[in-house]
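Peer 1: Taken in sequence, the protein lines are chains A and B.
Quick note, the first sequence lines up with residues 1 to 264 if you use full-length UniProt numbering.
Quick note, the second sequence lines up with residues 1 to 264 if you use full-length UniProt numbering.
In short, the hints are calculated from the structure, not lab data.
Given the structure is predicted, the values throughout are model-derived calculations rather than measurements.
Careful: at least some of the hints might be erroneous.
Each pair may be met inside one copy or between any two copies, as identical chains are not told apart.
[What the hints assert, rightly or not] Taking lysine to aspartate or glutamate pairs in the EDC-like style, the calculated list, with each CA pair at most 16 Å apart, reads: (1) K241 - D185; (2) K242 - D185; (3) K181 - E56; (4) K2 - E133; (5) K195 - D210; (6) K97 - E133; (7) K242 - E193; (8) K195 - E226; (9) K87 - E119; (10) K242 - D104; (11) K242 - E255.
Number of protein chains: 2
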Amino acid sequence: MKPETVLDLGNIRAALVRMEDTIVFDLIERSQFFSSPSVYQPNKFPIPNFDGNFLEWALLQMELVHSQIRRYEAPDETPFFPEKLMKPILPPINYPKILASYSDEINANSEIMKFYVEEIVPKVSCKQGDQLENLGSASTCDIECLQAISRRIHFGKFVAEAKYQQDKPLYIKLILAGDTKGIEDSITNSAVEAKILARLLVKAESYGIDPSLRYSQNRQNKVQPEIIAQLYKQWIIPLTKKVEVDYLLRRLEDEDPKLINQYR
Amino acid sequence: MKPETVLDLGNIRAALVRMEDTIVFDLIERSQFFSSPSVYQPNKFPIPNFDGNFLEWALLQMELVHSQIRRYEAPDETPFFPEKLMKPILPPINYPKILASYSDEINANSEIMKFYVEEIVPKVSCKQGDQLENLGSASTCDIECLQAISRRIHFGKFVAEAKYQQDKPLYIKLILAGDTKGIEDSITNSAVEAKILARLLVKAESYGIDPSLRYSQNRQNKVQPEIIAQLYKQWIIPLTKKVEVDYLLRRLEDEDPKLINQYR
Chain A
1 MKPETVLDLG NIRAALVRME DTIVFDLIER SQFFSSPSVY QPNKFPIPNF
51 DGNFLEWALL QMELVHSQIR RYEAPDETPF FPEKLMKPIL PPINYPKILA
101 SYSDEINANS EIMKFYVEEI VPKVSCKQGD QLENLGSAST CDIECLQAIS
151 RRIHFGKFVA EAKYQQDKPL YIKLILAGDT KGIEDSITNS AVEAKILARL
201 LVKAESYGID PSLRYSQNRQ NKVQPEIIAQ LYKQWIIPLT KKVEVDYLLR
251 RLEDEDPKLI NQYR
Chain B
1 MKPETVLDLG NIRAALVRME DTIVFDLIER SQFFSSPSVY QPNKFPIPNF
51 DGNFLEWALL QMELVHSQIR RYEAPDETPF FPEKLMKPIL PPINYPKILA
101 SYSDEINANS EIMKFYVEEI VPKVSCKQGD QLENLGSAST CDIECLQAIS
151 RRIHFGKFVA EAKYQQDKPL YIKLILAGDT KGIEDSITNS AVEAKILARL
201 LVKAESYGID PSLRYSQNRQ NKVQPEIIAQ LYKQWIIPLT KKVEVDYLLR
251 RLEDEDPKLI NQYR
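The following block holds chain A by itself, in its conformation from the complex (with noise of 0.2 Å):
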């Protein structure tokens, strides 16, 4: 993938609607299991060499795992536990260079970590308490979920990036000025936003209920459209705005000098 087609908004836009289908599907696998408390409790199971809770000790065996096949060498994947990464056992992917250098500095995932165990996990369980056979199931879904929230709300550099290429003159301006309102303001789209709300109400109603039951008095939605339109409108989006402006405070850092000055 060239840089060009990577940085097309058009593209990045398409991409994001993709991956509103993964979030809808990853919480309605979640849906399935208790909210199981016990999962995220720390040291509530005794792990040799681990301190933490269970969900981060399993997310962190499969971020061992997926390291080696170079996931975190793919600049839209952010891991969970970046300094504890192992080597790809497959060869090097060069990837042209899309994002700045520090790129990889803007991880947002111990935020997404709180709100997903904190606000979305009880919300979309098929019931509150744990269900002993089913701890495992349940934070195997939740590495599901979190990768692909993840993996959402860091796509934000793209968009930043793609908005800097756009406007060069307007972003070291407000970025010389420290203008933290004025680059957020440049970045929010309220009609965009709206859009994704609704659209996803959509998509919940459509793959959360058995279509075949859909004029039948066991229709049922797995996970209610309200929450999934919530967790966007309350975490995603913000959180996605945040990494954007996080990313394009620094962007300076790697940018030509000569062309800085012209704005100074």
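Based on these hints, arrange chain B on the given structure of chain A.
Peer 2: Relative to the frame of chain A, chain B by itself:
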């Protein structure tokens, strides 16, 4: 879960219907990537201390992690690498005895791997060939698909056990007579099979199209519904039956000899 709940045919059927959703979701996710033949080619990537293809290596790593969170203690989970599993780090669950003691020995996973790689992957992938950046992603999706299909097919053991419990005299006679055909006929319900296929077409359609584009020119099915129905018709349903028959043919190994003698 009590054995009588697990072996209730209504509950088993509901679980099988729910698994369809998972399988359809997983195939839709796989369809984002190229067919990626390199992933399935033995020793295409030299992996230290491993003889096999890349997918097998990645799947083994996952099973090693999942075995530690006791996935394979559950009677409805069947590993692809049973001889290599690790010990769980969670306290063991004492599942009530539901299936016969030899149940773990009935394992159709090598057949599942074969038809999945040869027949399903080329048909659901968005394009034929390799896309180097996505070999890891493709194989991650493959693992989800394989595990979901394997769970569905081996669930036949519960169907078989439930049917055996419902009519021991019939099955003891058929088993003593080595009447494979009779056993197969007794577990076959063509009307139910036709319903499954019809429902899959509707599900693939409903879950595979972005509903906000349903009436637009961009309306696109991520996976052709006929491919998913065909997968069930040609592979999943026959292999489930094979699992059921294999399970039943050995069922007297775990029956009271006195009862068996009444039918000799």
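Peer 1: Indicate, hint by hint, whether the structure satisfies it.
Peer 2: Comparing the hints with the structure gives:
Within a single copy, K241 and D185 get their C-alpha atoms as close as 10 Å, which meets the 16 Å cut-off; across copies the closest is 60 Å, which misses it. Taking identical chains as interchangeable, the C-alpha atoms of K242 and D185 lie at most 16 Å apart only when both belong to the same chain, with a minimum of 12 Å there against 61 Å between chains. When the C-alpha separation of K181 and E56 is checked against a cutoff of 16 Å, the pair qualifies neither within a copy, at 35 Å, nor between copies, at 50 Å. Taking the shortest alpha-carbon separations for K2 and E133, only the inter-copy value of 13 Å comes in at or below 16 Å, while the best intra-copy value is 47 Å.
Taking the shortest Cα distances, K195 and D210 sit within 16 Å of each other only across copies (14 Å), while inside one copy they are farther apart (25 Å). Taking the shortest alpha-carbon separations for K97 and E133, only the inter-copy value of 14 Å comes in at or below 16 Å, while the best intra-copy value is 46 Å. Proximity of K242 and E193 under a CA criterion of 16 Å is satisfied intra-copy only: 15 Å inside one chain copy versus 51 Å between copies. In the homo-oligomer, the alpha carbons of K195 and E226 lie at most 16 Å apart inside one protomer (14 Å), although the nearest pairing across protomers, at 32 Å, exceeds that limit.
Within a single copy, K87 and E119 get their C-alpha atoms no closer than 34 Å, and across copies no closer than 33 Å, so neither meets the 16 Å cut-off. With identical chains, the CA atoms of K242 and D104 are at most 16 Å apart within one copy only, with a shortest distance of 15 Å there and 50 Å across copies. Neither within a single protomer nor between protomers do K242 and E255 lie at most 16 Å apart by alpha-carbon distance, with minima of 21 Å and 64 Å respectively.
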